[in-house]
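S.K.: Take a look at the letters that make up each chain.
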Amino acid sequence: MITISDYEITVLLLSLKVASISSIIAFFPSLLIAYFLARKNFIGKSFVDGLIHLPLVLPPVVIGFFLLIIFGKNGLVGDIFFSTFNIRISFTWIAAVIASAVMGFPLFVRSIRQSISEIDPKQIEAAQTLGANKLKIFKKIIIPLSKKGIITGFILSFSRSLGEFGATITFAGNIFGETQTLPLAIYSSLQDPDSNLIVIRLVVISIFISLAALMISNRLSK
Amino acid sequence: MIHLDFTYQNPSLSMQIKVKTKSQIVCLHGHSGVGKTTILNIIAGIREPNHGFIDIAGRRLFDSNKKINIAPQFRDVGYIFQDLRLFSHLSVKDNITFGALKHNNYDAIIDLMDIDELLHKNIRNLSGGESQKVSIARALVKNPKILLIDESFHAIDKQYRDQLIKKLHNHIIENQIVTILVSHQLSDAKKYSAEIIKIKKEKGVVVAG
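Protein sequence lines, in the order shown, are assigned to chains G and W. Read in my numbering, the first sequence has 54 at position 54, and its numbers run on one by one without any break. Read in my numbering, the second sequence has 121 at position 121, and its numbers run on one by one without any break.
There's no promise every hint is true.
Said to hold, decoys possible - Straight line, CA to CA, 35 Å or less: simulated DSBU-like cross-link-like pairs of lysine-lysine: (1) G:Lys40 to G:Lys147; (2) W:Lys20 to W:Lys166; (3) W:Lys191 to W:Lys93; (4) W:Lys18 to G:Lys122; (5) G:Lys140 to W:Lys201; (6) W:Lys67 to W:Lys121; (7) G:Lys136 to W:Lys167; (8) W:Lys18 to G:Lys139; (9) G:Lys40 to W:Lys167; (10) G:Lys122 to W:Lys145; (11) G:Lys134 to W:Lys18; (12) G:Lys147 to W:Lys93; (13) W:Lys158 to G:Lys134; (14) G:Lys73 to G:Lys136; (15) G:Lys136 to W:Lys145; (16) G:Lys139 to W:Lys145; (17) W:Lys167 to G:Lys139; (18) W:Lys166 to W:Lys200; (19) W:Lys67 to G:Lys140; (20) W:Lys20 to W:Lys201; (21) G:Lys136 to W:Lys66; (22) W:Lys203 to W:Lys167; (23) W:Lys22 to W:Lys145; (24) G:Lys134 to W:Lys121; (25) G:Lys140 to W:Lys166; (26) W:Lys198 to W:Lys18; (27) W:Lys200 to W:Lys66; (28) W:Lys121 to W:Lys18; (29) G:Lys136 to W:Lys67; (30) W:Lys191 to G:Lys40; (31) W:Lys203 to W:Lys22; (32) W:Lys203 to G:Lys134; (33) W:Lys67 to G:Lys45; (34) W:Lys191 to G:Lys139; (35) G:Lys45 to W:Lys66; (36) G:Lys45 to G:Lys122; (37) G:Lys122 to W:Lys191; (38) G:Lys122 to G:Lys17; (39) G:Lys222 to G:Lys148; (40) W:Lys93 to G:Lys122.
No lab work stands behind these hints, which were simulated from the structure alone.
Pulled out of the complex, with its shape left as it was, chain G reads as follows:
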């Protein structure tokens, strides 16, 4: 019988925790921004669009560096958190969550935006004539009809988090039990010539989880 070691369980559970929380955190901002990008025209739309997509095109290490500047102990936001609440963000599991949320964000937005763009404007007009205000239209028409995009976006963001390496190692470090997710654990094990078996086992776990996430996504979005 195949058994999973305590080390692997720790890495696996941390990866799932970071991926789940980062995707949940990214959900509401992604939904709102996707809605505005799909349905509204406003000054600076192209700029906002470009800004959101930066994590897709920039090296992840650069994103990690920016996050350090913002949330590091002496960073713009990190300094306020540390001096006011004595909370340190960088090099904690929270940093790993933030790094994953930022890296998965454009994928989440793109997926939902596509779904919202495909909603027939006539459905929204019909809802308006039936007395629905913007909030009701958002809740009863936009969200249900974007369900596929939301689910796909969630899984893409979740999967991106499972594979996230550069931003995480820069901003959150590679601390066992705190920030060492699956890719970081694989990287660490690769440094040790005696850990080939561990590498293979971690790779198999990664493949298994990613496949499971995709299968769940396919099933839910039907």
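Go by the hints and put chain W onto chain G.
M.R.: Chain W only, in chain G's frame:
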């Protein structure tokens, strides 16, 4: 009851509409594609005229001079669309109650349209005639002061269509709903005892009269 005086322009359409009538029911009659549906959309508030005003049932819905433009959800309009526009992700009941206020005439409308057995069905499983009845019920359930009907019954066989129009006509009269319908067929207008207003194109501009 109905006083329209507005202009509307978009890249493919130029419109100058003047209508004043005390009739409760009017029928906009004209060639296909002349702009009749656009007039209904403007009255419903989902298109905005460039200039002018819209008075219906004693209420000013739009006035470019006074900067009045009541949002569609506050116009008290029931709109039966030509393409029905039912919400396919909702049940029949949820479609009908979508816009219903606390004080609505839900039970009476379900009786009127005889759709009690359809309420828990999925929209996708309805026949053409059933979908038609649901779309009428959805427009009437909030007891609107204005009803817009856009060539909605063309897909139904004649006998059933006449029954439906009769029921709807009685409801409109009993509830004093100001009704504007769009139809190709003058025979329909007669069934509603509607005043006929011709919509036509003159020198590239859509006009009424």
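S.K.: Starting from Lys134 of chain G, check that the Cα of Lys121 of chain W is at most 35 Å away, please.
M.R.: holds, 27 Å
S.K.: Do the alpha carbons of Lys67 of chain W and Lys45 of chain G lie within 35 Å of each other, as the hint requires?
M.R.: Judged against 35 Å, a Cα distance of about 28 Å means the pair holds.
S.K.: Are the Cα atoms of Lys140 of chain G and Lys166 of chain W separated by 35 Å or less?
M.R.: The given pair, whose Cα atoms are some 33 Å apart, holds under the 35 Å limit.
S.K.: What's the verdict on Lys22 of chain W and Lys145 of chain W, does the C-alpha distance respect the 35 Å limit or exceed it?
M.R.: holds, 15 Å
S.K.: For the pair we were handed, Lys147 of chain G and Lys93 of chain W, check the Cα-Cα distance against 35 Å.
M.R.: holds, 21 Å
S.K.: Taking only the CA atoms, is the gap from Lys203 of chain W to Lys134 of chain G under or equal to 35 Å?
M.R.: Distance of about 40 Å is beyond 35 Å: violated.
S.K.: Against the 35 Å threshold, does the CA-CA distance of Lys18 of chain W and Lys122 of chain G hold or violate the hint?
M.R.: Holds: Lys18 of chain W and Lys122 of chain G sit about 27 Å apart, inside 35 Å.
S.K.: Need the status of pair Lys134 of chain G, Lys18 of chain W: alpha-carbon distance at most 35 Å?
M.R.: Satisfied, since the Cα-Cα distance of roughly 32 Å is no more than 35 Å.
S.K.: Take the C-alpha atoms of Lys139 of chain G and Lys145 of chain W, compute the straight-line distance between them, and say whether it is at most 35 Å.
M.R.: Holds - the C-alpha atoms of Lys145 of chain W and Lys139 of chain G are around 27 Å apart, at most 35 Å.
S.K.: Would the pair Lys136 of chain G and Lys145 of chain W pass a check requiring their Cα atoms to be no farther apart than 35 Å?
M.R.: This hinted pair holds, its Cα atoms lying about 22 Å apart.
S.K.: Between the alpha carbons of Lys191 of chain W and Lys40 of chain G, is the straight-line distance 35 Å or under?
M.R.: violated, 43 Å
S.K.: Take a quick look at whether Lys158 of chain W and Lys134 of chain G sit within 35 Å of each other, Cα to Cα.
M.R.: violated, 39 Å
Comparing the model with each numbered hint stated earlier shows that hints 5, 6, 8, 9, 13, 14, 22, 28, 30, 32, 34 and 38 do not hold.
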